[in-house]
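Heads up: the sequence lines are chains A and B, in that order. For the record, in the first sequence the residue sitting at position 6 is 28 according to the numbering used here, with numbers rising by one throughout. For the record, in the second sequence the residue sitting at position 14 is 59 according to the numbering used here, with numbers rising by one throughout.
It is possible that part of the hints are untrue.
Derived DEER-like restraints, expressed as beta-carbon distance ranges [what the hints assert, rightly or not]:
(1) B/R422 / A/A111: 27 to 33 angstroms
(2) B/T335 / A/D141: 27 to 33 angstroms
(3) A/E121 / B/E405: 35 to 41 angstroms
(4) B/S419 / A/D141: 31 to 37 angstroms
(5) B/D386 / A/E121: 18 to 24 angstroms
(6) B/L330 / A/F34: 24 to 30 angstroms
(7) A/P41 / B/E405: 17 to 23 angstroms
These are computed hints drawn from the structure, not numbers from a lab. Each residue gets a CB set at the ideal place from its N, CA and C atoms; glycine is no exception.
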Amino acid sequence: MEYPAAVRDAFFHPRHHGPLAGGRNCRGTAGDSGAGERVEFEARIRDGRIDAIAFRAYGSPWVIAACERLAAALTGAAVATARACEPSALAAELSLPPEKRSSLLTVQDALRNCLVDWDTTQPVGGPPGRP
Amino acid sequence: MIYLDHAASTPLDPQVAESMAAVMRDPALQANPSSSHAPGRAARACIEAARSAVATLAGATPAGVVFTSGATEANNLGIIGTARFRAVRGRHLVTSAAEHASVREACRCLEREGWAVTWLECGRDGLVDPAAVAAAIRPDTTLVSLMAVNNETGVVQDIEALGALCRQRDVPLHVDAVQAAGREPIDMRREQVDLLSLSAHKFGGPRGVGALVLDTDRVARIQPLYHGGAQERGLRPGTLPTHQLHGMGVAAAIASARLPLDPPRIAALRTRLEERLLAVSGVRLNGHATRRACHIANVTVAGVEGESLQLALEEIAVSAGSACDSGNDDPSPVLMLLGLDREAARSSVRFSLGVSTTAEEIDRAAAVFEHAVSHLRRLAPAA
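When you get a sec, could you build the whole thing from the sequences and use the hints?
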């Protein structure tokens with residue numbers, strides 16, 4: 023199969039793969055490697071912004087590329103931005119074939135679960151930046 | 046690019062290419078080989094020389110060689126042609142679910158036409174038990190079709206035992222010997238094989254030509270699939286491609302002559318490769334450990350997704366399964382018969398070596414494999 027340059031670059035040279043160093047970071051996973059894909063996001067959030075985010079992924083090159091591009095886009099972003107993030111936008115950016123687009127749901131679920139983990143570990147009264 | 050996909054197709058032997066070019070340029074060999082005039086007879090003589098060389102490779106007589114467009118056609122002609130010809134005696138076939146797609150689909154075609162087919166399982170080592178074949182043969186069985194060497198795992202079946210029991214039960218045996226030719230000795234008469242399929246481009250010959258070889262003492266006729274010409278005794282009508290068949294003949298002669306030399310050298314290289322592959326944790330060999338042809342090593346890599354593994358190995362031309370089955374995402378049915386689940390079957394790679402493979406290529410391929418597995422496991426979440 024031919025892969026777009028953006029997919030190849032993310033696959034061979036990922037810059038945001040985990041684990042993140044230090045501290046209690048929030049984590050979220052989705053998928054099942056027995057079914058072909060499993061994604062984990064780990065984020066360090068400070069003052070309502072994503073200070074660092076990294077992924078680990080078992081899946082096709084498309085999944086790995088989507089995780090890498092999403093992590094790159096969200097580094098430094100507000101949590102609210104991450105919460106509103108719609109990974110399906112990556113389908114066009116990465117030229118995902120139609121049969122591979124459902125993989126973005128796994129990526130999205132892992133990101134959501136990561137933010138839910140952050141929500142549930144914040145002090146009562148809610149963290150800064152939370153809507 | 047390191048080419049380790051010789052089971053899918055071997056590079057054209059340079060000597061074969063030169064001799065084919067010479068035939069194509071030779072003004073004396075441009076006539077239709079079926080024509081009775083002198084130029085036609087010259088082309089015909091060129092083809093008959095090729096027929097003899099192919100017969101020698103198969104351990105058969107030249108009269109038994111029916112040239113085809115390749116092994117897919119040879120398998121279809123052998124199976125469907127024999128079944129239809131012998132239909133008055135019965136409509137039951139015996140084959141294995143691990144056969145090449147061209148055998149499986151030819152049998153399924155006959156199933157749709159009303160034949161009964163017994164699909165034999167193989168063991169986790171890929172071997173078909175001759176006792177299971179004996180048990181499957183019925184009074185109305187008209188053909189047994191089993192491959193000599195599996196195209197995905199390289200597992201070698203005991204054709205001699207299968208031939209003996211089929212002969213004892215008076216049932217013709219068809220053998221897809223595509224992966225065996227040039228790698229394993231083939232002797233149709235000694236092994237009591239009645240029909241045998243070959244493909245030129247699996248032993249250094251050109252793509253687009255093959256043969257169904259018949260034991261002429263046993264299989265007097267099969268029913269042709271095509272009509273409209275007397276070529277190949279009416280069993281395969283169509284103008285014979287002189288240069289293609291000449292190329293197949295030269296490749297067959299080279300393969301026969303080098304049989305004592307090339308397979309041991311290739312086997313040593315495969316052992317060298319396997320030692321490196323199996324030293325990586327979570328890598329296991331598919332198929333019988335020792336009953337394998339010299340050129341194939343099929344491994345499953347735990348903890349690595351199949352499509353990503355293929356891309357990570359892009360520096361090496363390898364295959365996830367049969368090239369004839371590629372183009373779909375389905376895992377290899379052959380590997381699943383060995384007991385692998387879908388993900389494990391997807392995470393499998395077939396390395397297949399050839400006469401042009403070097404030790405340097407093997408060492409480089411092993412290093413690429415080690416790096417690829419390490420890269421993907423580093424990216425993967427903890428289990």
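Now for the hints, and whether the structure bears them out:
no., hint, result
1, B/R422 / A/A111: 27 to 33 angstroms, "holds, 29 angstroms"
2, B/T335 / A/D141: 27 to 33 angstroms, "violated, 58 angstroms"
3, A/E121 / B/E405: 35 to 41 angstroms, "holds, 39 angstroms"
4, B/S419 / A/D141: 31 to 37 angstroms, "holds, 36 angstroms"
5, B/D386 / A/E121: 18 to 24 angstroms, "holds, 21 angstroms"
6, B/L330 / A/F34: 24 to 30 angstroms, "holds, 28 angstroms"
7, A/P41 / B/E405: 17 to 23 angstroms, "violated, 37 angstroms"
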